[in-house]
Every structure is written in structure tokens, then in C-alpha cells.
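Student: Here is what each chain is made of, one letter per residue.
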Amino acid sequence: MENNNKKGSVFYSYSLNPQAKFNTQEEGEKVYLLLRSHPFTQIGWFLSSILFFIILFIFNFFLPNFLNFGQIFIINLFYFIIICSYIWFNILNWYFNVGIVTSKRVIDIDFYAILYKEITNAQLGKIEDTTVKSGGYLESFFDFGSIFIQTAGTEENIEFLDVPHPSDAVQIINKLLSKKHGF
Amino acid sequence: MDFKDIAFKVIISLFAIFYYLYALVVSKQVKIMDKTLQDEHNDLIVFVTSLQVTASLVILIIVLFAVFII
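As you go down the protein sequences, you meet chains E and Z in turn. Quick note on numbering: our numbering labels position 3 of the first sequence as 3, and the sequence is numbered without any gaps. Each number in our numbering corresponds to the 1-based position in the second sequence with 1000 added.
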């Protein structure tokens, strides 16, 4: 699959021909595309983290009036590890929520709040329709949007939300479908 | 030792214990996620998660030391 000019970009959220593997991968199944949410969609928790650090800084001006040095140290330590854990939790959520396009199927791996895992896959032969939804100022500016893959029969539909270059990704899926159906 | 000091020590002890358990759960889940998807930065992810578990254990020891010894 060398039809695409974006080899891999936007902080590993759009990787073409990646080295990635997954546990249900079959013999001879090649991964063509790996998608994560666009980094811009993570700006919310990133800004929150900065805000929490600022709050910690401000609190330290008032805490000496109520607590001794040891207590202030412990509170600062705990507050700091809570913020770090919050950042790490969000990074893990972003990193492991992926969409994968292989030579045989399309897979959506979701980890909700780290604890719950959901893996949905659709064989290329069962895919009926692909839709790209990208609207709004920021989506247009940063080129990200959502891909909806409709499957035949009882198989679950697949969604890749807020992924970079959605049109290019759909183009790759459509080329694979054409190859599969022999068009 | 007044009530405020005792309450503070109980709260930080509980917090340190729960944080250690949380770090263990996250570590376990990261191992599952690492098996589910192997990408080029997985080693770094597993390493940082191990650091989190180690840090939480160190914090738990420090807190228990501070509560019972000092």
C-alpha cells in the first residue's frame, strides 16, 4: 500500500505501514494503517494538567498558614503524583485506543478508562460503506475527523473517531475493498 | 498529638495504600494492553508504568515511616 503521501505523521496518530502487531493477527496478515485520535483532541486534559500545576503553585502561598513543613511536603507530593497519574492515564488512553486497517480486515481497539477492553473487527468482504465526517473550523484546520464503517449483516459497525487525514485513510480502505472485490 | 495530626496521618496512609493498589491495577492493565497491541513505543510505556509502581511503593514506605516512626 504505497499510494499515500503521508508515511506517518502527527505524533504517531497516523502510521502508514507501521511495525505494529496485535494479538489476533493472522498468518500473512499485513498491517497497512494504524490510527489514533489526533493529538489536538487531547488538548483538554493537557491544559487541565497545566491548570492543576498552577493551582498547586498558588496553594503553596497559603498552606504555611495552616500546616507545618512536613504536612505541606506530603500534600505537595500527593498532589504532584495525582497530576502525574492523571497525565499518564490520559496518555495510555490515547495510545491504546487505535484503529487498524490490515490486508484482511478493519479493527477498532478501545480501552475505556484503561479497565474495559473492546475489540471490534470487520472483514473487508463484509464492509458495505465508509463515511467520513469532518466538520468545523478546527477539524478543517488540523485535518482530522471521524470515519464510520458500515458492515453487512449482524457484524458491528466500526468508528474511528477524530483521526488525522480521514479522507486519506478512507481512500486506503476503499482501495483495499476494490482489490478484495476485484474492481 | 492532637486530633488534626492523627486525622492527617490516617488520610495520607489510606491515600498511599490506595495509590499503590491503583498503580498495580494500571500496571496489570498495561500488560494486557501490551499483549493486545504491540507498537514501537510499548517498551517505553511498560517502563514508565513500572516506574509508577516503584514510585507508589516508595511513597507508601515513606508515608508509613513518617506515620509510625516520626
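Rather than coming from a laboratory, the hints here were simulated on the basis of the structure. No experiment lies behind these values; they were computed from the predicted model shown. Here a beta-carbon is modelled for each residue, glycine too, at the ideal position from N, C-alpha and C. Honestly, I wouldn't trust all of these hints.
As the list claims (entries may be wrong) - Listed next, with one range per pair, are the computed distances between beta-carbon atoms: (1) E:K126 - Z:I1017: 47 to 57 Å; (2) Z:L1064 - E:F59: 24 to 34 Å; (3) E:D110 - Z:I1062: 54 to 64 Å; (4) E:L56 - Z:L1044: 40 to 50 Å; (5) Z:I1006 - E:F148: 48 to 58 Å; (6) Z:I1061 - E:Q171: 51 to 61 Å; (7) E:F57 - Z:I1062: 29 to 39 Å.
Student: Next step is simple, just say for each hint if it's right about the structure.
Tutor: A quick look at each hint next to the structure:
The given range of 47 to 57 Å is respected by E:K126 and Z:I1017, whose C-beta atoms sit roughly 49 Å from each other. A hinted range of 24 to 34 Å holds for the C-beta pair Z:L1064 and E:F59, which are about 25 Å apart. Taking 54 to 64 Å as the suggested C-beta distance range, the pair E:D110 and Z:I1062 does not conform, at roughly 37 Å. One distance hint, 40 to 50 Å for the beta-carbon pair E:L56 and Z:L1044, is violated here, with the actual separation near 26 Å.
For Z:I1006 paired with E:F148, a C-beta distance near 57 Å keeps the hint of 48 to 58 Å intact. Take Z:I1061 and E:Q171: their Cβ atoms lie about 55 Å apart, and the range 51 to 61 Å holds. Taken as a hint, the range 29 to 39 Å is violated for the pair E:F57 and Z:I1062, whose Cβ atoms sit roughly 23 Å apart.
The structure fails hints 3, 4, 7 (numbered hints given earlier, in ascending order).
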